[in-house]
Amino acid sequence: MVVRAVVVRSVIGAAIAGAVVALGAVWYVRGPGPLAFTGGKNVAVADYKEGDPTGVPADMRQASLLERGKYLAEAADCVVCHTAPGGRKYAGGFAFKLPFGTMYSTNITPDSETGIGKYTDQEFLDAMHRGVRRDGARLYPAMPYTSYTFVTDADALAIKAYLFSLVPVRAVPPANSLMFPFNQRWAMAFWSVVFNPDTRFRPDTSQSLKWNRGAYLAEALAHCGECHTPRNIGFALDNRKKFAGAPVAGWHASDISSDRTTGLGGWTDDDIASYLSVGHVSGRGTASGPMGEAVDHSFSKMTKTDIDAMVTFLRSVPPATSSGPSLKSAPAPLSHTDGATASLLGKKVFEGACVSCHGWSGESAVSKFATLTGSSAVNDPSAVNVVQIVISGTRRLTPSSALSMPSFGHAFSDDEIAAVVNYVTARFGAKGSSLTARDIADLRAQN
Amino acid sequence: MTVVAELPGISRRRILGGALATGFVFAFHLPVGAAGPVQKDSAGERFAPNAYIRIDGAGQVTLVMPQVEMGQGIYTAVATLLAEELDADLAKVALEHAPPNEQLYANPLLGVQATGGSTSVRAFWTPLRQAGATARAMLIKAAAEQWQVTPGSCSTTQGTVAHNESGRKLGYGELVEAAGKVSPPRDVALKDPKDFVLIGKPLKRLDTPDKVNGKVIYGIDTMMADLKFATLAQCPVFGGKVAKIDDEAARKISGVRQIIALDDLVAVVGDHMWAAKCGLDAIEITWDEGKNAKVSSKDIWDHLRAASEGAGVVAKSVGDVAKVLNFGETYDASYEMPFLAHATMEPLNCTVHVTPNSCDVWVGTQIIARAQSVAAKVAGLPEDKVTIHQHLLGGGFGRRLEVDMIAAAVRIGSMVEGPVKIVWTREEDIQHDIYRPIYRDSISARLSGDKVIALKYRVAGSSVIARWLPPAFTKGIDIDAVDSAVDMPYDIPNFQVDYIRVEPPAVPTGFWRGVGPNNNVFAIECFIDELARKANKDPIAFRRDMLGKTPRIRHVLDLAAEKSNWGQPLPPRVGRGVSVQPTFNSSIATVVEAEVDAGGDVYLRRVTLAVDCGFTVNPDTVVAQVEGGMIFGLTAALYGEITLEKGRIQQSNFHDYRMLRIDQVPKIDVHLVKSGEAPGGIGEASVVGGPPALRNAIYAATGIALRRLPIDRQLIAEKKSWL
Amino acid sequence: MATTLNINGQERSFEAPHEMPLLWVLRDILGFTGTKFGCGMAQCGACTVHVDGKPVRSCVLPVGNLQSRSITTIEGIAATPVGARVQKAWLDLEVVQCGYCQSGQVMSAAALLVSTPDPDDSDIDAAMAGNICRCGTYVRIRAAIKQAAAAQKA
Ligand code: FES
Ligand code: FES
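Protein chains in written order, with this note's numbering: chain A, 1 to 447; chain B, 448 to 1170; chain C, 1171 to 1324.
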């Protein structure tokens, strides 16, 4: 009996201790919220005295619901994820390749069978804020509802109104192919309990209206952190390293904290504004891959005041302590014989396929968008983004004189791609990469 | 392409004769004695003894080119043949493209007015010399009559007739009227080759000056008043149709003039190509992709592999292969060749001006008479209302033996007021080519000691001949598809070639520089190397022993061995490979020296060729063709492959359909064998030998027997055992 | 947008959108058809012209980026001593086959010889590898560049 009582007590004790530890772990893993870094006090929008940081820019307040919805939908960049390559806009089918399988985005045109045509306002809000589908099933957080949860009801419904004004497209995306346990949607309910704050945006009283506007845009709509903030063991954003840069879909989303060496600390306000609105800053590089798409479809459509507000907000994010590369921005020598010669094969590939646009010095004679000098991609010794651009190319839509680069992944071997990337990063970057054919094969698989 | 392979029971003459019966082919002998199409014009009197030569009163000699120039130098070669026998001053002749006229200008080897198959010099070698000699005889006769001397006492040089004894001279121009009245002699004597002053000399090409200063006008450079510019998108899936288009955005683009949606294509007409291209990009086109929407390369290969096992038609049989192979150990292998695009440097284009009763077409085509008839058919006009303005070609390689681009252009042009130039983007050019077919070749052989005593060769692939020259496709045999197989140079006592016609789903196929022999020589020469290894013999010694009946080939093989330092030691990871070929009546041996690295990349170090292509009209042009053809073939061997996914061609431009570049090309040594034999073809023959020699060099360096093109670099990288 | 460019020493004015590549302005608006279209994506070099003496792919060069810079095309290259020498070497060695790529080859070669009067093989590779020749005239291109360089020295 005694023995049993002791056992029971210790089991209970262990259970309680376990629960405490577990809660502690959850608390720890969840970490701070995305705006906690200011240490300021957050209040409801109605209680913020400086003005309303949500909604559309002030000069658009009188615009129709549809126009406002369009602006917000673009700011939230719905189209990029909800459009398959070559497919109809918003009709879904875009593939997210993850280490544990592939997921496809849904059709968010108002088709009543295959799209969101039957969604009520509340159902739409449930999806945006809580990650719950109309049929009650859970969405995977590839849909960034932990960011969209900050979008006000009014703004979310404006987006809905806009989406409902589109031509309905009948399209069913391919079925997801996730492996166990990731194919268990219901488990997302638990994930959400831990990681989705399910609150609307709360302005920070210690900050200006402009800052709060920037925060609303960056956190709620543009969901910057979803790519630029590293993830924790629970696959949620780790705001202790807010904006420190992270891998995404085989690319590397750069450090956009105010770190002076690796982040935006050394950039001027104009640099950041230009990068967001045209995807390019002389001497700092050109947005490609997912960021290029974000510029094309979202940031380039924002008003100047909104871009400026985002710049104000980004500037306030404390430096990340990551040890990224420091930028080297001097051009390479004009002659092919001078400068780094990491790989003869790499040089051969470069002189045939690349030099016509990028030049031996890295300063493009055709377009500033093709200038390699100073580009963060070639200064990153992991060279992930250079690899992806070489494999998949990059196609920028804005401005109209921006260039696209073809995808060399089909015709060039892993060996050749490794060689040319090592050559390019050595010649134009701070520290050359030393990738192998294997690395290229791995990166191909992620894309 | 070639239609001249000698088959048992099907001689060239029979092929053409057979075709003649269908009315498809007009002539075997050119009417060189007959008067040309035009005899008099506003310039006054002129002498036009035949369709190739006109001389006006001022002595200007105009030569009419039955064959088109696409880089192979035929322009100069044709002029040389005519000028040699005419004794005209080559530097002063004017050249003109022949108009469409099958009766006057059909290629005697092809039976149609076409340039291709390395046939030009072979086909026109005698007729053009006869044309020149006939005209010369008439001029001499006219002068002799005037001087009251015998023709035999007169001679000609550089456009003048001279009476040697009296020293009297008359320029050809002064004889125009009188010569026109002389009746053409029946049999003229041709010059003895030792008297040639032009033929066989490395003459400067006539077409080059304008090609280095930007003055040359290719089809794509056609300009005229009120010209509009268009570009097009054809359904990305072959056989698909336009379902609907949304052109609202395109209409707003400045410079866009007209949007044309036809059954299977959408074209945008604009003030310039840029407007047309931006307009086309802005149109949202929904395609009805049709039955090919799901076809992928894998399906096509599965289909061919299965079909290649089936029964074929025997194209050649010597001895008793079945008996020897059935009773002994055999060595078997299969080889596969991919689809290839032509990718002529000048993208497809065609300028047209269609009115209710006329149709003008400006284009560079290898097949002008068909161009005319297709334009007439599409425009709904009689052929004589269609004028084809022929241009120099920025590359042909067989692509411009087709007329699909002309049909599309006339369809578009019929909807446009005024002239319109339609230019294919490179993407459209590559994705709507008519591709070199895929082939699968299966070979079985039996060795006795180090001799091959039986060999059975089965080639499976589509028949281009059956579509392109139906009369030549008889008894189920495509003479092009078995060319250089039925006449394989090796002396093997039991030998059989089967042909299995397999048409791939969804992909149109056509002639591609080097044609059938590309496939056959590759498979055979790779296989022979594998047999040599099995017999434990040096690849050259092994071949040499079987070349007793083909001394010209044995000679070039010996020469190539010597010049390539065959047998000398090489650094690690470097190998030499050899191939021989009997193609297009030319005997060629090729040795490629290549290095392979651990990543599977292949570096070309040196290429050595020995070439006996008979009598050469212009040796320097022959060497140029050999160099260029070698690079063309090696490009395909290393990189060339067109693939399909969801019915769509996956390659689109030079970033994914790669070309060898100058920094990858090695020294190419060409050794021409002096020969008095009739000229053989070279433009296509030169493409054929590089790929097997390269593959055999890789085999020598690594021991990996690749059996598929292009060279699988990934596979070499993975099979590290050779390192 | 009205633009004025100096082409082969002459001022030429035309209307064209800012982002229109120089290639199409040259060919379709101004009639300089010597500059060729091969790929439209800076992979083949057929469209090479000189901008302030440097070789540039005109198919990807927005005309709006050019402002007042001076352009030389194949039609004008003979007026430069190097251009004339290159053309002569090209004819002497019979480099050309179909010829379609050769405007671009000549322009790239002329630019090379201006910056590197005595090029070695690696200099030729570095300057010429961006120019594709489908006919495979590379062997002679290399030889002709060397000959033109030798003529330059003499
Ligand atoms: S057309 Fe400009 S590089 Fe090919
Ligand atoms: S000469 Fe024909 S592409 Fe170069």
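These are computed hints drawn from the structure, not numbers from a lab. Among the clues, some could well be false.
As the list claims (entries may be wrong) - Derived DSS-like pairs (lysine-lysine); straight-line CA-CA distance at most 25 Å:
{"no.": "1", "chain 1": "B", "residue 1": "Lys1010", "chain 2": "A", "residue 2": "Lys97"}
{"no.": "2", "chain 1": "A", "residue 1": "Lys89", "chain 2": "B", "residue 2": "Lys699"}
{"no.": "3", "chain 1": "B", "residue 1": "Lys741", "chain 2": "B", "residue 2": "Lys688"}
{"no.": "4", "chain 1": "B", "residue 1": "Lys539", "chain 2": "A", "residue 2": "Lys89"}
{"no.": "5", "chain 1": "B", "residue 1": "Lys741", "chain 2": "A", "residue 2": "Lys97"}
{"no.": "6", "chain 1": "B", "residue 1": "Lys741", "chain 2": "A", "residue 2": "Lys89"}
{"no.": "7", "chain 1": "B", "residue 1": "Lys1093", "chain 2": "A", "residue 2": "Lys97"}
{"no.": "8", "chain 1": "C", "residue 1": "Lys1323", "chain 2": "B", "residue 2": "Lys539"}
{"no.": "9", "chain 1": "C", "residue 1": "Lys1258", "chain 2": "B", "residue 2": "Lys651"}
{"no.": "10", "chain 1": "C", "residue 1": "Lys1224", "chain 2": "B", "residue 2": "Lys1010"}
{"no.": "11", "chain 1": "A", "residue 1": "Lys118", "chain 2": "A", "residue 2": "Lys89"}
{"no.": "12", "chain 1": "B", "residue 1": "Lys699", "chain 2": "B", "residue 2": "Lys651"}
{"no.": "13", "chain 1": "A", "residue 1": "Lys304", "chain 2": "A", "residue 2": "Lys49"}
{"no.": "14", "chain 1": "A", "residue 1": "Lys89", "chain 2": "B", "residue 2": "Lys648"}
{"no.": "15", "chain 1": "C", "residue 1": "Lys1258", "chain 2": "B", "residue 2": "Lys648"}
{"no.": "16", "chain 1": "C", "residue 1": "Lys1224", "chain 2": "B", "residue 2": "Lys1114"}
{"no.": "17", "chain 1": "C", "residue 1": "Lys1323", "chain 2": "C", "residue 2": "Lys1224"}
{"no.": "18", "chain 1": "A", "residue 1": "Lys89", "chain 2": "B", "residue 2": "Lys688"}
{"no.": "19", "chain 1": "A", "residue 1": "Lys70", "chain 2": "B", "residue 2": "Lys1114"}
{"no.": "20", "chain 1": "B", "residue 1": "Lys651", "chain 2": "C", "residue 2": "Lys1316"}
{"no.": "21", "chain 1": "B", "residue 1": "Lys741", "chain 2": "B", "residue 2": "Lys981"}
{"no.": "22", "chain 1": "A", "residue 1": "Lys301", "chain 2": "B", "residue 2": "Lys699"}
{"no.": "23", "chain 1": "C", "residue 1": "Lys1323", "chain 2": "B", "residue 2": "Lys662"}
These numbers come from a predicted model, not from an experiment.
(message) For each hint given before, does the structure comply? Return the numbers of the non-compliant ones in rising order.
(response) 1, 4, 8, 10, 12, 14, 16, 19, 21 and 23
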